[in-house]
Amino acid sequence: MALLAVRDLTVDLQTTRGVARAVRGVSFELAKGGTLGVVGESGCGKSITALALMGLLPEGARTSGRIDLDGTDLLSLGEDALCGMRGNRIAMIFQEPMTSLNPVHRIGRQIAEPLRQHRGLRGAKARAEAIRLLDRVGLPNAAQRVDAYPHQLSGGQRQRVMIAMALSCDPDILIADEPTTALDVTIQGQILDLINELVDESGMALILISHDLGVIAETTDDVVVMYGGSLVEHGPTDSLFDTLAHPYSQGLFAAIPDIGGRHDRRLTTIPGTVPELADLPPGCPFADRCPLAADDCWSTEPPMRQVLPGHQAACLRLEAAAAGRANGGRGDD
Amino acid sequence: MSTAATDPDLAGDGAPPQGFIRRAMRHRAFVIGFALTGGMVLSALVSLLWTPHSPTEIIIANRLKPPTAVHWLGTDQFGRDILSMIMAGAQTSIVVGLIAVSLGGIFGLALGLWAAARRGWTEDLIMRLSDLTFAFPVILIAILLTAGWGPGITNAILALGVINIPIFARLVRGTGIAMWEREFVQAARSAGKGRVRITFEHILPNITSVVVVQATISFAIAILAEAALSYLGVGSQPPDPSWGRMLSESQNFIFLSPLIAVWPGLAIVLSVLGLNLMGDGLRDLLDPRLARQR
Amino acid sequence: MFLARRFLTFLVTIWGASVIIFLMLEVLPGDPALTMLGVDAPDSAVEALRRDLGLDRPATERYLSWIGGLFRGELGLSYTYQVPVTELIAQRLEVTLPLALGAMLLATLVSLSLGIFAATNHNKVGDYGVIGFSQLGLAIPDFWFGILLIILFAVILQWTSSGGFPGWDEGFWRCIQALLLPVFTLALSLSAIMTRVTRSSVLEVAREDYVRTARAKGLSRRATLWRHVLRNALIPVLTINGLLFANVLAGTIVIENVFALPGIGKLIFGAITNRDLMVVKNVVLILGAMVMVVNFIVDVLYAVVDPRIRIHT
Chain X
6 MALLAVRDLT
16 VDLQTTRGVA
26 RAVRGVSFEL
36 AKGGTLGVVG
46 ESGCGKSITA
56 LALMGLLPEG
66 ARTSGRIDLD
76 GTDLLSLGED
86 ALCGMRGNRI
96 AMIFQEPMTS
106 LNPVHRIGRQ
116 IAEPLRQHRG
126 LRGAKARAEA
136 IRLLDRVGLP
146 NAAQRVDAYP
156 HQLSGGQRQR
166 VMIAMALSCD
176 PDILIADEPT
186 TALDVTIQGQ
196 ILDLINELVD
206 ESGMALILIS
216 HDLGVIAETT
226 DDVVVMYGGS
236 LVEHGPTDSL
246 FDTLAHPYSQ
256 GLFAAIPDIG
266 GRHDRRLTTI
276 PGTVPELADL
286 PPGCPFADRC
296 PLAADDCWST
306 EPPMRQVLPG
316 HQAACLRLEA
326 AAAGRANGGR
336 GDD
Chain L
119 MSTAATDPDL
129 AGDGAPPQGF
139 IRRAMRHRAF
149 VIGFALTGGM
159 VLSALVSLLW
169 TPHSPTEIII
179 ANRLKPPTAV
189 HWLGTDQFGR
199 DILSMIMAGA
209 QTSIVVGLIA
219 VSLGGIFGLA
229 LGLWAAARRG
239 WTEDLIMRLS
249 DLTFAFPVIL
259 IAILLTAGWG
269 PGITNAILAL
279 GVINIPIFAR
289 LVRGTGIAMW
299 EREFVQAARS
309 AGKGRVRITF
319 EHILPNITSV
329 VVVQATISFA
339 IAILAEAALS
349 YLGVGSQPPD
359 PSWGRMLSES
369 QNFIFLSPLI
379 AVWPGLAIVL
389 SVLGLNLMGD
399 GLRDLLDPRL
409 ARQR
Chain C
84 MFLARRFLTF
94 LVTIWGASVI
104 IFLMLEVLPG
114 DPALTMLGVD
124 APDSAVEALR
134 RDLGLDRPAT
144 ERYLSWIGGL
154 FRGELGLSYT
164 YQVPVTELIA
174 QRLEVTLPLA
184 LGAMLLATLV
194 SLSLGIFAAT
204 NHNKVGDYGV
214 IGFSQLGLAI
224 PDFWFGILLI
234 ILFAVILQWT
244 SSGGFPGWDE
254 GFWRCIQALL
264 LPVFTLALSL
274 SAIMTRVTRS
284 SVLEVAREDY
294 VRTARAKGLS
304 RRATLWRHVL
314 RNALIPVLTI
324 NGLLFANVLA
334 GTIVIENVFA
344 LPGIGKLIFG
354 AITNRDLMVV
364 KNVVLILGAM
374 VMVVNFIVDV
384 LYAVVDPRIR
394 IHT
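Protein chains in written order, with the numbering used here: chain X, 6 to 338; chain L, 119 to 412; chain C, 84 to 396.
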């Protein structure tokens with residue numbers, strides 16, 4: 006049985022413009038020790054999905070569906086039980102290491118906090134454990150740095166501290182929401198390598214959220230592509246990157262500048278903007294930006310269709326998309 | 119290609135928010151504030167033409183009467199009708215607030231616009247001077263000035279006006295500098311328009327909303343300060359009607375007639391509350407960005 | 084290191100304040116002796132007073148002798164009271180200091196509890212109640228609130244007297260009783276402002292990323308509030324509260340008149356209206372010094388709360 010099974014997850018948020026359906030019937034599974042990438046433009050609902058897994062949605066949010074962790078539905082748990090899960094069985098690291106640490110507390114104390122909360126560790130023991138964790142995430146001089154304040158560390162170092170904090174209770178699942186986006190390019194690789202290494206070593210499962218396809222391709226076994234709050238494509242990383250069944254996935258890939266590419270390709274962007282979640286039209290959410298959209302795309306919500314075994318995409322015009330991809334491959338426009 | 123053209127935030131800088139009156143009617147705090155302020159202004163206006171009794175006529179036989187059908191709020195230690203005095207007292211509060219805020223507003227606006235347009239040492243000088251006045255509480259400066267110039271309503275107004283100058287200057291400078299960096303001002307500059315012309319054509323119309331909000335708040339503070347000064351005896355002098363002085367005079371008679379010390383205070387609270395609510399409401403209505411920050 | 088530097092700034096500011104006060108009161112045009120006695124006074128009397136006040140000496144000499152006197156604790160003689168200013172101020176501080184500090188303490192306690200309560204009940208009934216209280220507190224003139232308290236407790240309930248101060252020799256509790264209503268009066272508008280600041284500060288910090296981190300660790304809402312939100316939210320609150328101390332001292336001018344308390348506020352108000360310059364300049368300097376001492380303490384607390392300041396400056 007899968008470690009984590011998300012079924013038909015829907016999240017409604019209260020916004021100033023009314024109720025917005027930020028996540029629409031998302032389903033996926035994650036095996037023990039597995040790695041899953043979540044890709045999409047900002048505002049596609051990927052961070053909200055992560056927060057829903059943590060039970061940390063903003064005030065006034067409403068959820069439906071199931072999030073089963075080892076057979077327990079997290080959505081049905083009360084706040085106390087959720088507190089026992091967070092930082093213990095599911096841990097999360099965030100995009101902004103500069104602001105994600107409390108400026109007035111020493112980092113040692115911040116790392117030891119989950120240990121104190123979930124393991125009852127205090128004093129010298131907690132401190133020793135914090136030093137061990139800092140050492141493990143590769144922070145030099147861990148024994149001294151444990152008494153440092155966040156402002157004395159660089160962005161990369163702070164992200165290492167965040168990772169140490171997330172690892173402290175040996176979680177079953179680590180959720181990393183754009184963990185390298187805010188960092189220098191040179192540091193990004195180091196942090197990703199560290200995450201990969203730790204995941205291999207500890208056997209925890211990883212959900213990596215990113216808009217950077219390169220990062221996802223390097224790190225994860227499976228990928229889901231999200232658009233407008235829905236899953237549009239879902240499959241093993243290799244198969245998905247080879248096939249790119251959904252027109253949106255194709256658009257996402259075309260939008261990456263092809264550095265060092267042989268042919269001097271112009272940087273394509275997907276026309277139009279990410280739709281406002283508050284006023285999404287019926288039918289396929291991508292219809293108004295999709296080059297292949299036909300009349301029924303505007304009225305019918307596309308069902309998930311199998312592309313290859315274990316690889317699905319939600320599109321009415323998969324065949325046309327496949328044909329278009331074959332044409333585009335010849336490379337003339 | 120470009121989505122900017124359809125973005126309502128970028129279209130038409132400085133255009134008044136649409137449907138202002140309709141949105142204002144739905145803003146509860148603004149409606150209450152507007153009603154209270156309207157009541158104060160109305161009673162001052164009516165008192166110019168008519169009051170139930172004379173606010174100044176002394177009838178000793180009538181002294182310290184409780185509220186009756188003839189004297190709705192009773193009479194004071196000289197037999198004057200309290201309702202009439204409060205209505206007439208609104209005149210003083212409004213005159214003080216109006217002149218003090220206009221004085222501070224006009225000079226502060228001029229200095230702030232100047233500082234924003236010129237920058238450099240003029241700006242430094244204006245800002246250091248206003249820092250100096252910010253270090254002292256309003257009421258202390260007002261007492262020092264009125265006591266120095268001699269007690270009286272004119273000096274109280276002048277003192278409150280002077281205190282308001284740096285408040286407006288600082289606000290206008292801050293907002294003005296932000297305006298000078300906006301694209302449409304940059305465009306006007308590259309089109310060769312002079313600083314004076316840009317100030318009047320582009321800067322001034324775009325800072326009116328913050329100035330209006332500040333004026334409302336300053337008006338409320340001026341009413342409170344005038345009441346305190348008159349209470350201490352350095353503000354308005356007899357026989358001018360004044361809420362603050364009514365309170366100081368009534369304090370000697372609270373053992374005989376406690377109610378006479380209640381009414382003028384209530385008048386002050388309602389007026390100040392009205393202006394503050396209206397100011398908060400205007401801030402929300404005129405500048406949604408500012409409101410969200412709070 | 085931080086403290087030493089901060090203490091130095093503190094001394095320099097006090098010195099600056101003394102120069103400004105001296106310039107304003109003594110060097111600016113106008114003859115203090117003439118103002119004191121009135122324009123109708125005979126020349127000989129004015130001349131004699133000028134000699135008494137030392138106004139015939141050059142300004143620098145007068146300034147130095149004033150400052151020298153400050154260090155020796157000799158501030159000259161009050162013109163109206165004919166007693167040494169030092170004595171006068173010491174006597175009055177016995178009333179004003181407990182009044183001002185009591186009001187600060189009360190307002191801080193009230194505003195912290197109300198502000199935190201409102202922020203944790205954001206957009207609920209409790210929050211609106213607190214907002215209403217602070218709107219009302221800002222609109223009520225403090226002297227009127229004092230009169231209302233007198234009417235309630237002295238006139239109707241007859242629990243206390245309507246004002247006055249017995250002096251600390253007459254018994255500790257009687258003095259505390261006499262200061263109770265004035266402290267409440269002074270604390271009203273103060274708590275209103277502080278509550279607003281606390282509420283918005285807590286709300287702001289609650290939106291910070293590190294608060295989300297704390298929740299992601301499994302801390303409950305309450306634990307997050309105490310361990311992560313409050314300490315950060317206190318930083319702006321401290322600053323504003325320190326700045327408000329000047330308002331409290333100014334407020335004593337009015338409040339001591341309402342309750343007939345023989346304090347500094349009443350002293351300076353009388354001195355200003357009587358042109359008792361010796362008293363005015365020394366009291367203003369001492370009030371200024373008190374404000375600066377409080378802000379110095381605030382800065383020290385600031386460094387305790389916020390490690391970024393401790394290490395960087």
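In case anyone wonders, no lab produced these hints; they're calculated from the structure.
Values in this document were obtained by computation on a predicted structure and should not be read as measured data.
Glycine included, every Cβ here is placed at the ideal spot set by N, Cα and C.
Treat the hints with care, as some may be off.
To be verified - Sample of chain C residues at the chain X side, in silico, Cβ under 7 angstroms: (1) A289; (2) R290; (3) Y293; (4) T296.
To be verified - Covered stretches of chain L (chain C as the covering partner; in silico rule of three or more C-beta atoms under 8 angstroms from a C-beta of chain C): (5) 159 to 169; (6) 207 to 220; (7) 377 to 386.
Evaluation of the provided hints:
1. A289: 10 angstroms, violated
2. R290: 10 angstroms, violated
3. Y293: 4 angstroms, holds
4. T296: Given a least distance of 5 angstroms, the restraint on T296 (chain C) holds.
5. 159 to 169: It is violated, with 0 qualifying residues against the three required.
6. 207 to 220: violated (count 0)
7. 377 to 386: holds (count 5)
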